[in-house]
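A.B. asks: Residues per chain, in single letters:
Protein chains: 2
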Amino acid sequence: MKRDIPKRMAERGLDALVIEGPDGTHGANPAFAYFTRNQHLVGTVIVKRDEEPLLLYRSMERDAAEATGLRLINLDRWPLHEILKEHPDRLEARVELYKRIFRDLKVRGRVAFYGTGPIGAFYAFLQKLAREIPEVEVVGEFDRDVIAVARETKDPEEVERMRRVGQETCAVIEATIEFLRAHRVEGNTLVKADGRPLTVGDVKRFVRLELAKRGLECSEFIFAIGRDAGVPHSTGRPDDPVELGKTIVFDLFPKDASGYHHDVTRTFCLGYAPPDVERAYRDVREAFEAVRERLRVGEITQTYQHFVCRFFEERGHPTVLSDPKTTRGYVHSLGHGLGLEVHEEPTFPTFGRCETRLQEGMVFTVEPGLYDPEAGYGIRIEDTVYCDEDGEFQSLTPLPKELVVPVR
Amino acid sequence: MKRDIPKRMAERGLDALVIEGPDGTHGANPAFAYFTRNQHLVGTVIVKRDEEPLLLYRSMERDAAEATGLRLINLDRWPLHEILKEHPDRLEARVELYKRIFRDLKVRGRVAFYGTGPIGAFYAFLQKLAREIPEVEVVGEFDRDVIAVARETKDPEEVERMRRVGQETCAVIEATIEFLRAHRVEGNTLVKADGRPLTVGDVKRFVRLELAKRGLECSEFIFAIGRDAGVPHSTGRPDDPVELGKTIVFDLFPKDASGYHHDVTRTFCLGYAPPDVERAYRDVREAFEAVRERLRVGEITQTYQHFVCRFFEERGHPTVLSDPKTTRGYVHSLGHGLGLEVHEEPTFPTFGRCETRLQEGMVFTVEPGLYDPEAGYGIRIEDTVYCDEDGEFQSLTPLPKELVVPVR
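Taken in sequence, the protein lines are chains A and B. When we follow this note's numbering, the leftmost residue of the first sequence carries the number 234, and every step to the right adds one. When we follow this note's numbering, the leftmost residue of the second sequence carries the number 234, and every step to the right adds one.
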């Protein structure tokens with residue numbers, strides 16, 4: 234949580250954090266959005282140890298700057314047009330700007346940089362900064378950085394936002410299932426009023442409108458049928474007809490205006506499910522329940538990934554643990570944290586060192602799955618789970634998990 | 234254009250470009266999307282000089298990888314689980330992975346890195362890479378990098394996409410004006426069927442649905458009235474009623490599924506316009522036309538920013554050229570390139586060195602404006618303009634520019 238940042242800075246010997254904006258219009262700079270309440274603006278957040286964060290902003294965005302609730306300093310204090318007169322080269326001008334800002338705000342010592350930006354340009358800039366400001370040690374944290382670790386546990390306000398996004402997301406899925414059920418069956422496909430087959434593209438258009446009606450955004454999502462459902466990240470082919478008796482993987486991970494995401498997957502068959510799908514679905518469902526029952530504060534996340542691999546292997550399915558290249562069976566990881574990003578800390582890695590333990594405030598997905606693209610099916614069940622202040626694991630995904638959706 | 238990349242690499246002595254993914258789900262990694270046709274996937278694009286680009290991808294995303302049309306190499310060729318056994322630290326494992334990839338693919342010499350990512354993590358990674366792979370010189374380009382300069386001019390396929398997005402965007406604006414006009418007037422505000430005032434929030438909800446219906450995405454846009462219209466990047470307050478006789482700045486910059494954006498602003502008053510607004514609108518409109526008439530291939534972009542500043546100053550308006558801190562008058566730059574980002578090359582800077590010249594294939598905005606937040610108005614007129622292969626400048630924004638929108 235945000236309140237842990239001073240402690241983490243002390244542990245890592247960091248004197249200041251610099252979080253680079255902008256968050257233009259796509260909400261794709263989560264570390265910056267974490268401080269700016271997802272306001273859209275150009276600027277830089279500076280956090281000195283044991284001081285309140287402050288935002289350097291531009292006049293043009295003074296309303297958005299006010300709305301962040303941060304302490305504010307207008308960038309006009311360091312007029313760029315004057316710097317550019319002396320330093321017409323833009324890289325030199327930028328370094329000079331930071332020299333002045335750091336001097337005036339007494340930013341020195343070990344200073345770590347965060348935010349999402351063009352990696353090559355920042356590599357050039359930070360290298361030059363490190364050379365030219367000797368009183369600043371430029372730090373880049375590679376893994377589980379201070380802000381990522383703070384964001385890993387959510388405070389009550391964040392959880393309330395995520396709960397609301399979860400409810401709205403589930404409402405979209407329920408509306409979609411009603412939409413499907415409202416269609417007639419002809420032969421083995423759903424058909425529209427004009428007699429033509431309902432397609433994946435038609436369904437996706439319906440989902441996009443439902444998302445917009447509820448103030449949700451999701452640039453991409455998965456509605457994949459049959460063989461495509463068997464490829465975990467296949468998003469579905471627009472021209473595919475919606476057929477009975479095939480697995481449909483519907484994976485939706487929108488955010489609302491707060492910038493917080495939900496992530497849910499349901500797998501269903503319209504009308505009926507073939508026996509091999511029924512068996513595999515039962516295995517996924519039981520794996521899901523087995524994991525849910527075993528979630529405990531203090532346990533290492535990787536434990537659950539290994540647990541679910543062994544669970545599936547005992548039932549005869551290949552997994553990434555025994556065969557890392559497999560594209561059949563259980564082929565991904567059990568889950569991931571989410572919040573301002575769809576994928577953030579914690580992770581549930583199959584391999585490598587993992588010291589991350591479940592703790593109060595974490596919000597993450599549990600999403601076991603089984604895939605067989607050659608047999609033409611894929612199954613994934615995914616809820617978003619929250620570990621509350623009592624260490625209880627609650628689902629934020631109020632939605633049933635039924636394999637067969639009856640049709641007319 | 235993409236075909237210019239080998240020449241630019243040669244000019245800058247670059248042996249390879251490495252463009253880091255992922256483009257997760259937000260389309261916020263434009264350099265990567267430029268090569269991957271806006272497919273959503275984890276991976277890395279490598280461009281060796283005078284060779285076709287290739288994509289390193291994961292099995293889970295093999296469908297998206299196929300859809301990029303790039304040469305493909307599955308990352309399974311360098312099994313991460315094996316590397317992690319020897320190098321459990323994730324930064325060390327990542328450097329080792331790149332050592333193997335660069336060795337096997339013969340990537341060496343001056344290698345420049347691109348893509349949007351966490352700047353601190355990449356700073357740590359690229360520094361370590363530079364230290365540990367002596368046969369590679371890690372390059373970060375700060376300004377107008379090879380890919381940005383390639384993207385600055387659009388090929389015919391890109392222009393066709395942008396033309397379509399422009400048509401759809403203008404249709405949304407026209408539908409919104411019809412929506413406004415369909416409301417009754419009571420006193421000085423528009424009212425809904427239930428007698429309550431129509432608000433900025435109501436209008437924004439309408440716009441979001443219209444965008445979704447047309448397959449457009451725009452996480453944020455500006456629909457700001459009166460004083461808020463006077464602050465260029467103020468997005469509008471949801472509870473504000475839609476009143477007659479006040480300027481409404483409507484600035485919309487969506488993208489479609491191709492990832493390409495349009496950007497248009499119209500300013501209008503419902504019912505009538507006050508005389509000071511009429512005068513200022515005429516000045517903005519004439520500034521717009523004067524710039525449009527003067528656009529010429531080969532001219533330096535900054536020339537137009539200085540031209541429009543002088544144009545406004547002659548009519549008595551303060552500008553950023555004479556008073557860089559002004560919040561009244563003309564307070565921003567004349568325009569910006571757009572494509573896979575809303576803001577990309579070319580720029581039209583007021584200050585600093587600028588050697589960018591207008592050329593065939595460029596797509597950019599022309600958007601003069603005048604603001605007076607204390608008087609309670611703001612005016613901006615913006616079209617997206619394309620310089621075709623004959624050096625003619627075409628508008629991609631088929632939309633009238635009328636100040637007064639009549640109401641019932």
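It is possible that some hints are incorrect.
Since copy identity is lost for identical chains, a pair holds within one copy or between any two.
[Claimed, not checked] Below, simulated DSSO-like cross-link-like pairs (lysine-lysine); rule was C-alpha separation at most 30 Å, straight line: (1) Lys634 / Lys318; (2) Lys446 / Lys361; (3) Lys634 / Lys332; (4) Lys339 / Lys240; (5) Lys558 / Lys318; (6) Lys332 / Lys558; (7) Lys361 / Lys332; (8) Lys361 / Lys558; (9) Lys281 / Lys339; (10) Lys558 / Lys281; (11) Lys339 / Lys558; (12) Lys425 / Lys446; (13) Lys437 / Lys318; (14) Lys339 / Lys235.
Source of the hints: derived by calculation from the structure; they are not laboratory data.
A.B. asks: Look at each hint and say if it fits the structure.
C.D. replies: Hints, verified against the model:
1. Lys634 / Lys318: neither (64 Å within a copy, 38 Å between copies)
2. Lys446 / Lys361: For Lys446 and Lys361, the Cα distance exceeds 30 Å both inside one copy (48 Å) and across copies (47 Å).
3. Lys634 / Lys332: Neither: 57 Å inside a chain and 45 Å across chains, both beyond 30 Å.
4. Lys339 / Lys240: within (20 Å within a copy, 45 Å between copies)
5. Lys558 / Lys318: Answer is between: at 16 Å across copies they meet the 30 Å cutoff, but 57 Å inside does not.
6. Lys332 / Lys558: between (49 Å within a copy, 21 Å between copies)
7. Lys361 / Lys332: So Lys361 and Lys332 pass the 30 Å test inside a copy (11 Å) and across (25 Å) alike.
8. Lys361 / Lys558: between (42 Å within a copy, 28 Å between copies)
9. Lys281 / Lys339: within (9 Å within a copy, 44 Å between copies)
10. Lys558 / Lys281: between (45 Å within a copy, 27 Å between copies)
11. Lys339 / Lys558: between (52 Å within a copy, 24 Å between copies)
12. Lys425 / Lys446: both (23 Å within a copy, 18 Å between copies)
13. Lys437 / Lys318: neither (53 Å within a copy, 42 Å between copies)
14. Lys339 / Lys235: Close inside one copy (23 Å), not across copies (45 Å); limit 30 Å.
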